[in-house]
Amino acid sequence: SSRVYTTPYIIDTAAASAGGNLVGIRIHWPVPKADTNNIQMVNDVKAGLTLGTKKNDAQYRMKRRYQVDDDDDDELSPLGITLRWSSKEKGRVDKEDDNDDNDDDEVSKMMDDLAVASELMMNTTTTTKQESNTNNYMTSPIVRGMPYATMQYHGSVLPSIFSENAPASDIQVDTSRYKNNQTTTTTLLSCGTLLSSQQQNQDGVIITHTNDTNTNNSSSLVESELTIHFLNSDFTWMVFFSHPVRVECGITQGVDVKLANFQLNVLQQPEDDDDNKNTKQKPSLLTVRIALIDQCTTGKAEIQQHCDEKKKYPITSNQQNEEYLDLLRSGASMVPTNPKVTFEHASSSSSNNNNNNN
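So for the sequence shown, my numbering puts the first residue at 1; every next one is plus one.
Simulated from the structure, these hints should not be mistaken for lab results. Treat the hints with caution; some may be incorrect.
Lysine to aspartate or glutamate pairs mimicking EDC-like chemistry, simulated, CA-CA at most 20 Å apart [claimed, not checked]:
#1 258 - 44
#2 312 - 323
#3 258 - 323
#4 312 - 322
#5 46 - 256
#6 340 - 70
#7 46 - 302
#8 300 - 170
#9 33 - 323
#10 33 - 44
#11 33 - 302
#12 300 - 44
Computed spacing ranges between beta-carbons, pair by pair [stated by the list, open to error]:
#13 169 - 342: 38 to 48 Å
#14 300 - 341: 25 to 35 Å
#15 308 - 334: 27 to 37 Å
#16 312 - 42: 28 to 38 Å
A virtual CB, placed ideally from N, CA and C, is assigned to each residue, including glycine.
Based on the sequences and whatever the hints tell you, model everything.
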């Protein structure tokens with residue numbers, strides 16, 4: 001298999017459709033379908049959300065292939081595995097670089113690797129690790145039953161998110177601060193223009209903004225979270241950041257908005273941000289987590305099976321959603337990596353002792 005079925009999400013790797021531009025994982029929310037003979041997990045690939053980083057950046061060139069990460073020296077767990085993407089110095093070209101630019105060949109290789117990762121989660125316990133010679137890398141712990149998809153960024157690597165659906169409205173910034181009366185208004189982030197792969201330059205500039213003073217800010221400081229509702233899928237996702245970041249977003253222009261792509265980039269961490277003078281230095285590790293909070297936001301999902309639960313329980317769904325949001329916010333800082341389940345069985349001697357004592 002080229003996918004990992006973590007339940008509830010299906011995880012695979014960033015597709016070439018992400019402008020050929022992103023490296024990382026792609027998250028899918030499936031619909032279970034069953035008959036008397038089998039059970040299937042069905043999903044719309046275009047409704048998936050990619051979490052990773054730009055392949056080419058002004059400071060690094062990220063390898064598209066990943067490794068199984070074992071830096072923490074823990075034994076691999078059947079319940080989880082951590083994947084690692086590393087970068088190489090900008091401008092360095094070698095045989096691996098040439099292979100890395102062949103998307104079709106590389107995607108095939110990644111699918112083979114992800115199949116190995118899937119087998120590792122199904123009780124395979126051996127792997128090999130290649131040493132990385134850079135401090136710029138990112139890791140993704142993939143764990144069974146995870147409510148979030150997670151990517152952790154080291155060094156100068158900055159996050160990006162990609163979708164083959166455009167947002168249905170402006171992105172909401174830090175809605176929890178508004179609900180907790182920490183601010184009197186909800187900040188909205190409007191998107192610029194996402195350039196095509198042919199228009200993008202070698203330094204990774206992929207989003208442009210107009211100077212129209214009537215539009216919202218082209219970028220925004222995010223303290224902790226974003227809320228994004230997408231067209232077509234009707235999915236609403238929450239994006240959690242472990243530290244404040246400045247972000248921008250872009251949507252492809254010149255096509256029907258229902259056919260447009262979307263990308264969000266973190267521009268910088270807070271040490272250089274004018275709106276965050278109190279932060280003295282950049283954190284050594286930035287964690288980004290994504291969670292689906294509503295698979296049927298308006299009832300106009302292309303896959304109507306996503307709305308079955310809300311149709312069945314219309315009265316309680318809103319309250320349950322708010323309670324689920326509170327749980328996601330409270331747990332966003334806790335990142336499991338290699339969970340283990342152990343059992344302790346009483347020995348026959350201890351059982352006899354207990355019987356004698358009784």
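Hint-by-hint comparison with the structure:
1. Of the supplied pair hints, the one linking residue 258 and residue 44 holds, its CA atoms being roughly 15 Å apart against a limit of 20 Å.
2. A hinted pair counts as satisfied when its Cα atoms are at most 20 Å apart, and residue 312 with residue 323 qualifies at roughly 19 Å.
3. In summary, the hint linking residue 258 to residue 323 is not supported, as the alpha carbons are separated by about 31 Å, beyond the 20 Å threshold.
4. Distance restraint check for residue 312 and residue 322: the Cα-Cα separation of roughly 18 Å lies within the 20 Å cut-off, and the hinted pair is therefore satisfied.
5. For the suggested pair residue 46 and residue 256, the alpha carbons sit about 15 Å apart, so the restraint of at most 20 Å is met.
6. Between residue 340 and residue 70, the direct Cα distance comes to roughly 15 Å. Compliance with the 20 Å bound is thereby established for this hinted pair.
7. As the CA atoms of residue 46 and residue 302 are separated by approximately 11 Å, the hinted pair is consistent with the 20 Å bound.
8. About 18 Å separates the Cα atoms of residue 300 and residue 170, which keeps this hinted pair within 20 Å; it holds.
9. For the suggested pair residue 33 and residue 323, the alpha carbons sit about 27 Å apart, so the restraint of at most 20 Å is broken.
10. For the proposed pair residue 33 and residue 44, the alpha carbon gap of about 14 Å is at most 20 Å, so the pair holds.
11. At most 20 Å may separate the alpha-carbon atoms for a hinted pair to count; residue 33 and residue 302 meet this at roughly 16 Å.
12. In summary, the hint linking residue 300 to residue 44 is supported, as the alpha carbons are separated by about 15 Å, within the 20 Å threshold.
13. Hint check: residue 169 to residue 342, Cβ distance near 47 Å, so the stated range 38 to 48 Å holds.
14. At about 41 Å, the CB distance of residue 300 to residue 341 disagrees with the hint of 25 to 35 Å.
15. Checked against the given bound of 27 to 37 Å, the beta carbons of residue 308 and residue 334, roughly 31 Å apart, stay inside it.
16. Residue 312 and residue 42 have their C-beta atoms about 19 Å apart, which leaves the hinted 28 to 38 Å range violated.
Of the numbered hints given earlier, the model fails hints 3, 9, 14, 16; all others are met.
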